[in-house]
Amino acid sequence: MIPPVSRLLFRHLVKGPHTDRTVTPPDPDGSEELARALGEAVRTRLGRSLAIREVDAGSCNGCELEIHAVNAPVYDLERFGIRFVASPRHADVLLVTGPVSVNMAEALKRTFIATPEPRWVVALGDCARDGGCFAGSYAVAGGVNQVVPVDLHIPGCPPSPKQILAGLLALLDSVSKR
Amino acid sequence: MMGNVTLLEFLSSGVPVEGHRPWPRFHLDNRAWRALVEQLSAAEWTLMAEWAEPGEVHAAFRDEDTGDIAVASHPCPERHFLSLAGVRPGAARLERAIFDLWGLVPVGLEDQRPWLDHGRWPSIHPLAAEPKPPPEEPYTYPFLTAEGDGLHQIPVGPVHAGVIEPGHFRFHAQGELVVRLEERLGYVHKGIAGLLRGAPLERAARIAGRVSGDSTVAYALAFARAVEGATGCEVPPRAHWLRALLAELERIANHVFDIGAICNDAAFAIMLAHMGVLRERILRANQTLFGHRLLMDCVVPGGVAVDLGADAMVVLPAMLRGLRKDFNRAVSLYNETPSLLDRTTGTGILTGSLAHRFGAGGFVGRASGLAHDSRRAPGYPPYDDLDVAVPDFHDGDVHARIEVRIAEVRASLLLLGQILADLPAGEIAAPLPKVAGEGLAMVESFRGEVVAWVRLDGDGTVLGGHLHDPSWFQWPLLEAVIEGNIVADFPLCNKSFNCSYSGHDL
Numbered sequence: 001m002i003p004p005v006s007r008l009l010f011r012h013l014v015k016g017p018h019t020d021r022t023v024t025p026p027d028p029d030g031s032e033e034l035a036r037a038l039g040e041a042v043r044t045r046l047g048r049s050l051a052i053r054e055v056d057a058g059s060c061n062g063c064e065l066e067i068h069a070v071n072a073p074v075y076d077l078e079r080f081g082i083r084f085v086a087s088p089r090h091a092d093v094l095l096v097t098g099p100v101s102v103n104m105a106e107a108l109k110r111t112f113i114a115t116p117e118p119r120w121v122v123a124l125g126d127c128a129r130d131g132g133c134f135a136g137s138y139a140v141a142g143g144v145n146q147v148v149p150v151d152l153h154i155p156g157c158p159p160s161p162k163q164i165l166a167g168l169l170a171l172l173d174s175v176s177k178r
Numbered sequence: 179m180m181g182n183v184t185l186l187e188f189l190s191s192g193v194p195v196e197g198h199r200p201w202p203r204f205h206l207d208n209r210a211w212r213a214l215v216e217q218l219s220a221a222e223w224t225l226m227a228e229w230a231e232p233g234e235v236h237a238a239f240r241d242e243d244t245g246d247i248a249v250a251s252h253p254c255p256e257r258h259f260l261s262l263a264g265v266r267p268g269a270a271r272l273e274r275a276i277f278d279l280w281g282l283v284p285v286g287l288e289d290q291r292p293w294l295d296h297g298r299w300p301s302i303h304p305l306a307a308e309p310k311p312p313p314e315e316p317y318t319y320p321f322l323t324a325e326g327d328g329l330h331q332i333p334v335g336p337v338h339a340g341v342i343e344p345g346h347f348r349f350h351a352q353g354e355l356v357v358r359l360e361e362r363l364g365y366v367h368k369g370i371a372g373l374l375r376g377a378p379l380e381r382a383a384r385i386a387g388r389v390s391g392d393s394t395v396a397y398a399l400a401f402a403r404a405v406e407g408a409t410g411c412e413v414p415p416r417a418h419w420l421r422a423l424l425a426e427l428e429r430i431a432n433h434v435f436d437i438g439a440i441c442n443d444a445a446f447a448i449m450l451a452h453m454g455v456l457r458e459r460i461l462r463a464n465q466t467l468f469g470h471r472l473l474m475d476c477v478v479p480g481g482v483a484v485d486l487g488a489d490a491m492v493v494l495p496a497m498l499r500g501l502r503k504d505f506n507r508a509v510s511l512y513n514e515t516p517s518l519l520d521r522t523t524g525t526g527i528l529t530g531s532l533a534h535r536f537g538a539g540g541f542v543g544r545a546s547g548l549a550h551d552s553r554r555a556p557g558y559p560p561y562d563d564l565d566v567a568v569p570d571f572h573d574g575d576v577h578a579r580i581e582v583r584i585a586e587v588r589a590s591l592l593l594l595g596q597i598l599a600d601l602p603a604g605e606i607a608a609p610l611p612k613v614a615g616e617g618l619a620m621v622e623s624f625r626g627e628v629v630a631w632v633r634l635d636g637d638g639t640v641l642g643g644h645l646h647d648p649s650w651f652q653w654p655l656l657e658a659v660i661e662g663n664i665v666a667d668f669p670l671c672n673k674s675f676n677c678s679y680s681g682h683d684l
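One line per chain: the protein sequences are C and W, in this order.
Numbering follows this note's numbering, in which position 116 of the first sequence is assigned residue number 116; successive positions increment by one, without gaps.
Numbering follows this note's numbering, in which position 81 of the second sequence is assigned residue number 259; successive positions increment by one, without gaps.
Quick caveat, the hints were computed from the structure, so don't treat them as lab data.
Be a bit skeptical, because a hint or two may be false.
Claimed, not checked - Below, in silico cross-link-like pairs of lysine-lysine (DSS-like), each with a Cα-Cα straight-line distance of 30 Å or less:
1. C/162 / C/109
2. C/109 / C/15
3. C/109 / W/310
4. C/15 / W/612
5. C/162 / W/503
Same shape as in the complex, but just chain C:
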């Protein structure tokens, strides 16, 4: 009997990968071009690799779900040389979500300090900008920029995978202008 994993792999050989390019036609807002441009900018600045540490500083976990989606085969962020790492010490970028809760402010600061320079901070989602619908609570410090300096905001509640890709491109543009 052929084991199912072989059947699955064979199917991929015949039908091609799940990645966006083949499954759906190019999008009107051109996520494909955008992704390619992202790859080039990364190459110039950081030699084809950008390492991201994600920090949930108080989010409802909606933003995390969409970050997972960017990593999944359909968007496959890693083909552009961008990957998520486990330690801030390996990271170039901190991707911070959520209104920063008072209980997480210290941990976020320490994670920022642990990230070697040059480092960039991306605030992901509407809450990360100004606290969103949680602003004004005794337990919320506010947007990410209340705690660590922010280089870029990616809007959305939560941002779609395409918005996340577009946001990382904007970051790279500002990085190369420095």
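Take the given structure of chain C and dock chain W to it, following the hints.
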């Protein structure tokens, strides 16, 4: 008063509260509350949620024999109440949180350490009538200890590996063997009970949908149903059916991703890749049909915000057909990979008795023989007209929790087929009557039972509200199941529980 007495008979010794719907609420004085604690040691009454307001503590119960549901409220002007944790261990953390937020002291609670309060907020007991000034230094948390030859500690978090919510895990390990795991949570506490107090209804509904992003439909639905209970709003039939459609789509999207992620933690990455593709198909259909990938703000008090277009009857059945086929393919991959089954079978066993003592719901309870599902009991429309299959397994290990998810995905796919076939026509929302009142609602999220309680005044302002996450009764069990397993199996166990940090920390 021991012996065979039902929950309603017992609570009727208290004073019923006017305007609490659809289930009653009773005020219990000191003596009646004490009697309740005694009665709980013998009665089959499940604690569904426990919360407070300044000067009053509330507990919602379900009588497992009669199916009755009621809220017991205990005014405590002296700022202390008798703890339920001795008879309902799941209450321990809830009562620690009650002390942190409202300053009401649970008398007789063994563990008096702060829980959500890390000593960093601008005040102590922020939701009490008179909050106290903050401590000078954040608290140092005294972790429980373990002593013995060769024991060492592994501290993990709050910023821990991967794209995940923050929490701290303290392991005591002997070599690879976990002797004790202790969780410390509360890092993502956002003060939701405080935000709900005095919020206009629309804003409160938005916040309710963001208590735990992965269960946004379930939370929005629970909140909406509580509001509709409080105001006596009659929701049109089409709205009920659309709500169920949204809820089942959310359940499937979460379950398929969970199955993939658990296998990924056993280093079987192809499963995560495959399931990620299936999840993306659902999210894209959500975006096309309802305008939001995670379906946030689609359920509103009074009905639903978006109607299903005519194209849905083509898009959805086609998507579901493909999904069923590819899902079955993935399941056979799981079932026919012995090296993967070897990791999941017999790992992280939760005994039925422990699950029962904590009243654990969702896949955690159902993998250990507890087949409660609020879609069936107490039930809510339109599920009364549908066949809801609730799988239950008894092994209690990681494999069983995967099996529950697989069975639930299949059950939800069947439900979606029934919903699409019988979807009634008509209005999708009804105006909310402007009346004051209190409402309680239970909704089955993919993770278990979400409980919502709300008090409204006559002009559409929320005077108080509470949202209870099923994770409250699952997190403590994770500590129990990891004992005696190896450290490397913790991610596997943790993911198979997939408790919500945000929903728990509130």
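Verification of the hints:
With a C-alpha separation of about 28 Å, the suggested pair residue 162 of chain C and residue 109 of chain C falls inside the 30 Å cut-off, and the hint holds. Taking the CA atoms of residue 109 of chain C and residue 15 of chain C, the gap is near 47 Å; set against the 30 Å cutoff, the hint is violated. The hinted pair formed by residue 109 of chain C and residue 310 of chain W meets the criterion: a straight-line CA distance of about 27 Å does not exceed 30 Å. For the suggested pair residue 15 of chain C and residue 612 of chain W, the alpha carbons sit about 58 Å apart, so the restraint of at most 30 Å is broken.
For the proposed pair residue 162 of chain C and residue 503 of chain W, the alpha carbon gap of about 27 Å is at most 30 Å, so the pair holds.
The structure shown violates the earlier hints numbered 2, 4.
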